[in-house]
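Position chains B and C relative to chain A; hints supplied.
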Amino acid sequence: MPSEFGLFVSTDVSKCSGCKACEMACFQSHNVKRNNVGKTVGTISVPVTPKLYVTVIETASMPVQCKHCENSPCKAVCKQNAIRKVGAQVVVDENKCIGCKDCLVACPFGAITLLPFYACGKQVTQADSGDGKVAASKCDLCFEDPAGPACIRVCPNEALHLTDVNEERKQKNIAAAEALAVINAGSPERRLL
Amino acid sequence: MNGYVQGDPMLCIGCRTCMIGCVVAHEGRHIFEVDPDGYDFHPKLKVIKTFNVSVPVQCKHCENPACMAACKSDAIHMKDGAVQIDRDKCIGCKSCAEACPFGAVQMVTLKNEANIDGTPKTVANKCDLCQGLPKGPACLRVCPTAALRFVQEEDLNATVQAKRLGTLKLTVAAEAQQKQTPVCK
Amino acid sequence: MGVHEIEDAALLFVFGYNGADSHPIVARRIVRAKQKGAKIICCDPRRIETARIADMHLQLKGGTNLLLVNAIANVILEEGLCDYDFIQKNTHGFDEFVETVKKYTPESVEEQVQVSAEDIRKAARMYATSGRSMILYGMGVCQFGQAVDVVKGLANLAIMTGSFGRPSVGIGPVRGQNNVQGACDMGALPNVYPGYQSVTDDKVREKFEKAWGVKLSPTPGITLTTVPHHVLHEEDPKKIHAYYIMGEDPAQSDPDLAEVRESLEKCDFVVLQDIYMNKTGQYADVILPATGWCEHDAVYSCCDRGFQKVRKLIEPSGDVKTDWDIIQSISAAMGYPMNYKNTIQIWNEVIELCPGFYGATDEKIEKNVCVQWPCRSKEEHDTGTVFLHRDGKFAHPDGKAKFAATDWRPPQELENEEYPLSFSTVREVGHYSVRTMSGNCRTLRNLEDEPGWIQMNPEDCQELDLKHGELVKVLSKRGYCITRCLPTDRVKKGATYMTYQWWIGACNELTIGNLDPISKTPEYKYCACRVEKIKDQVWAEKHIREEYEQIRSNMGIKVKGAVA
Numbered sequence: 001m002p003s004e005f006g007l008f009v010s011t012d013v014s015k016c017s018g019c020k021a022c023e024m025a026c027f028q029s030h031n032v033k034r035n036n037v038g039k040t041v042g043t044i045s046v047p048v049t050p051k052l053y054v055t056v057i058e059t060a061s062m063p064v065q066c067k068h069c070e071n072s073p074c075k076a077v078c079k080q081n082a083i084r085k086v087g088a089q090v091v092v093d094e095n096k097c098i099g100c101k102d103c104l105v106a107c108p109f110g111a112i113t114l115l116p117f118y119a120c121g122k123q124v125t126q127a128d129s130g131d132g133k134v135a136a137s138k139c140d141l142c143f144e145d146p147a148g149p150a151c152i153r154v155c156p157n158e159a160l161h162l163t164d165v166n167e168e169r170k171q172k173n174i175a176a177a178e179a180l181a182v183i184n185a186g187s188p189e190r191r192l193l
Numbered sequence: 194m195n196g197y198v199q200g201d202p203m204l205c206i207g208c209r210t211c212m213i214g215c216v217v218a219h220e221g222r223h224i225f226e227v228d229p230d231g232y233d234f235h236p237k238l239k240v241i242k243t244f245n246v247s248v249p250v251q252c253k254h255c256e257n258p259a260c261m262a263a264c265k266s267d268a269i270h271m272k273d274g275a276v277q278i279d280r281d282k283c284i285g286c287k288s289c290a291e292a293c294p295f296g297a298v299q300m301v302t303l304k305n306e307a308n309i310d311g312t313p314k315t316v317a318n319k320c321d322l323c324q325g326l327p328k329g330p331a332c333l334r335v336c337p338t339a340a341l342r343f344v345q346e347e348d349l350n351a352t353v354q355a356k357r358l359g360t361l362k363l364t365v366a367a368e369a370q371q372k373q374t375p376v377c378k
Numbered sequence: 379m380g381v382h383e384i385e386d387a388a389l390l391f392v393f394g395y396n397g398a399d400s401h402p403i404v405a406r407r408i409v410r411a412k413q414k415g416a417k418i419i420c421c422d423p424r425r426i427e428t429a430r431i432a433d434m435h436l437q438l439k440g441g442t443n444l445l446l447v448n449a450i451a452n453v454i455l456e457e458g459l460c461d462y463d464f465i466q467k468n469t470h471g472f473d474e475f476v477e478t479v480k481k482y483t484p485e486s487v488e489e490q491v492q493v494s495a496e497d498i499r500k501a502a503r504m505y506a507t508s509g510r511s512m513i514l515y516g517m518g519v520c521q522f523g524q525a526v527d528v529v530k531g532l533a534n535l536a537i538m539t540g541s542f543g544r545p546s547v548g549i550g551p552v553r554g555q556n557n558v559q560g561a562c563d564m565g566a567l568p569n570v571y572p573g574y575q576s577v578t579d580d581k582v583r584e585k586f587e588k589a590w591g592v593k594l595s596p597t598p599g600i601t602l603t604t605v606p607h608h609v610l611h612e613e614d615p616k617k618i619h620a621y622y623i624m625g626e627d628p629a630q631s632d633p634d635l636a637e638v639r640e641s642l643e644k645c646d647f648v649v650l651q652d653i654y655m656n657k658t659g660q661y662a663d664v665i666l667p668a669t670g671w672c673e674h675d676a677v678y679s680c681c682d683r684g685f686q687k688v689r690k691l692i693e694p695s696g697d698v699k700t701d702w703d704i705i706q707s708i709s710a711a712m713g714y715p716m717n718y719k720n721t722i723q724i725w726n727e728v729i730e731l732c733p734g735f736y737g738a739t740d741e742k743i744e745k746n747v748c749v750q751w752p753c754r755s756k757e758e759h760d761t762g763t764v765f766l767h768r769d770g771k772f773a774h775p776d777g778k779a780k781f782a783a784t785d786w787r788p789p790q791e792l793e794n795e796e797y798p799l800s801f802s803t804v805r806e807v808g809h810y811s812v813r814t815m816s817g818n819c820r821t822l823r824n825l826e827d828e829p830g831w832i833q834m835n836p837e838d839c840q841e842l843d844l845k846h847g848e849l850v851k852v853l854s855k856r857g858y859c860i861t862r863c864l865p866t867d868r869v870k871k872g873a874t875y876m877t878y879q880w881w882i883g884a885c886n887e888l889t890i891g892n893l894d895p896i897s898k899t900p901e902y903k904y905c906a907c908r909v910e911k912i913k914d915q916v917w918a919e920k921h922i923r924e925e926y927e928q929i930r931s932n933m934g935i936k937v938k939g940a941v942a
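In order, the protein sequence lines correspond to chains A, B and C.
All the letters of the first sequence, read from the start, carry residue numbers 1 to 193 under the working numbering.
All the letters of the second sequence, read from the start, carry residue numbers 194 to 378 under the working numbering.
All the letters of the third sequence, read from the start, carry residue numbers 379 to 942 under the working numbering.
Treat the hints as calculated values from the structure; they're not laboratory data.
Any given hint could be a false lead.
[Claimed, not checked] Derived DSS-like pairs: lysine-lysine, alpha-carbon spacing no greater than 30 Å straight-line:
# : chain 1 : residue 1 : chain 2 : residue 2
1 : C       : K742      : C       : K585
2 : B       : K265      : A       : K15
3 : B       : K356      : C       : K417
This is chain A alone, in the form it adopts within the complex:
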């Protein structure tokens, strides 16, 4: 059954090695049709443009990616209606994007940046000048791929997982409820009515 709220990919920071396999897989899965990018290096004919962004500090690393917010600030500010919901997921239509940067600024997570995009091995260009276009680029949860998010599948350390807050909540609630039985048993005096 479809989820009521947007699913998103979360990282277990203790497992991420910063290898960027996720970025490669993301780029590949979004360009296999339109740019014939295969699964080996020799098939890459366009610059690598992922939709999640591995961020590194001295002690940790993780890919930062869209959380598919319910009241997504990016969708709220996009005047071109280039950002829409597909089911519960938030998706950018590159062709409608005018690169105004409002969504980039609005996103509190830094999950959006502007990147060039390609079709048939060539950069998509402006209508008049022929200069290259850029568009908002962010995780779309691989919504067009029946196999689901490529990043999760490719991570060698299994550091990424798909988060459904409602499903996780059910499991957490059960554990919390069972814990209350133990907690109350430990009270020195059960309150008498």
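Chains B and C only, in chain A's frame:
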């Protein structure tokens, strides 16, 4: 330490009156005056039933809240000894719901508030200790078996102190048993 | 026993009774009893709330009540745990009882009952040796084709251990609805006048004929559950032509709803007197709207025989009358004028004519809040009877208790190839019974709404590929309904349960009208069903919405969002 409401599975009969009491307390009188489909029914606690347990699960107003740490929208703050979510600032990113280990935060869609693009607003919802409401937590007032209680710092300190004394006495008695010498009271 | 005595029992033997879901206030007593150190033995096929906090949960298979009860009696006898003194002084029939029960060894029943012989023995010992054991039973006993026998079986346990006639012991039938006890006390039964005085007793009949100035019939009438038979299958003079229904919703709560509908449609004249519109109202020729709680004065009887006053607090709105006013008006129109001005006059007449209620004056009930009958003296000092059978005096003419044991028989319709699951109706707390009243409470509707749920074991759900919340079709030989799947490990594999308050998820489409031969209560707690997956969930959701609108339109409900 923050106070919080805690349920006891040995007293809970799973009736869910607490959930209704929560909504009625937060909505106010108008809930009974408007169209029955015109108000939000979003209890801030949920009665969970497993094979051995029936009990409400709700926010524990942690001292170092995971939800507050996860919120990038500045929507979660400590206020007068409770962890509070500011709905106006919430962008529905679900980070707090994801972060809470108890599942005490639930995402809820509001009927009477919309985003600027007209889509319904979905925000994080959790126990707010009925702060700002005249009589304090409603759930524990309506529970027919008094299964919910308001645990405050004094209660926790008293519990801990009692346990410490108990531990000391036990240890003394055990040692005396070992040495077979009578204990002076 | 009085309800308030529950919390002071040393052991509560809760058999086929779900306090938390039926009567939260009684459940509170059970919870308090546990806090006060009572032991609890809960006999129920589901992991109900009481089972959760019980010291022993005997999770018996549905339909095996008398096997378990007789086995417990067997252990008490075999291990010499009876109160032989009490048996000798205050009972008879003990030898025949022993004869019947001696073959019900725990080992012989454990496989069928699905409770180990060891647990049966342990429970029996706990019950017999606690010193202050109280039995609580409910619909899990009464709503079977073999019901009265099980009640007697439970009574045997109390008698053989001398658990009568002192505080916090005995046997408590926890009645279903608020004031169902009152309905019985006032003689809304086909074989007795008010106060349980038999219609076949000439002296009694003469007393009432004199008081009321009319000739009265010397033969008992028929029970509610046999009405469909008397409409559809009897000829005159036995055939029923008119059905006057007051405060009941047979088209929702009687078994085999297809048959009920047929009998309502074919009955010449149907009157409904109730406080809100309900399913039965759709078939009524005349509807008489009555006042509800808070809008009239009344006396209610609690399940423990306690009379309590109910007072008018608000003026009723709309074209409504109180029940007694309606009856008085109809009576006058039929040629028998009544002249009551208020409920106190009616009450005074009741207690005048019923020796067991004689002392329960309005002032006494007002003063003492609750007066448990029998209360035979108008003197102030007689404030009623908390527990019966004091000093071992019982209601039989010889003053002794009578043992009565029978052999077990299974439910009429067992699981079979076409219908491989068992089906039972239950309650849940929140909405009450058929929801005529509580359906109008908006917050209860927020918690639970159509089409309700069918509780199923997760393994059965997995086998049928069913997920939580999915709409499913539930069928039995008699009919079907559509409801949502609720996987829960609180029910055993092979068993399913539904509450009986939903119009769409109408579980009584499935139930069987197999009546206990004496009480005539139907076997709601056992029949066979099948659950089918509905592939097109979109269609199913649309269908139930449309069904709901159709019913509401039939009922003349105009306000959007209101229920009845």
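Restraint check for K742(C) with K585(C), where alpha carbons must lie at most 30 Å apart:
Holds, because 25 Å separates the two Cα atoms, which is no more than 30 Å.
Within 30 Å, alpha carbon to alpha carbon, are K356(B) and K417(C)?
Since the Cα atoms of K356(B) and K417(C) sit roughly 27 Å apart, the hinted pair holds (cutoff 30 Å).
Below or equal to 30 Å on CA atoms is what counts here, so check K265(B) against K15(A).
Holds, at about 23 Å.
When the structure is compared with the earlier hints, no violation turns up for any of them.
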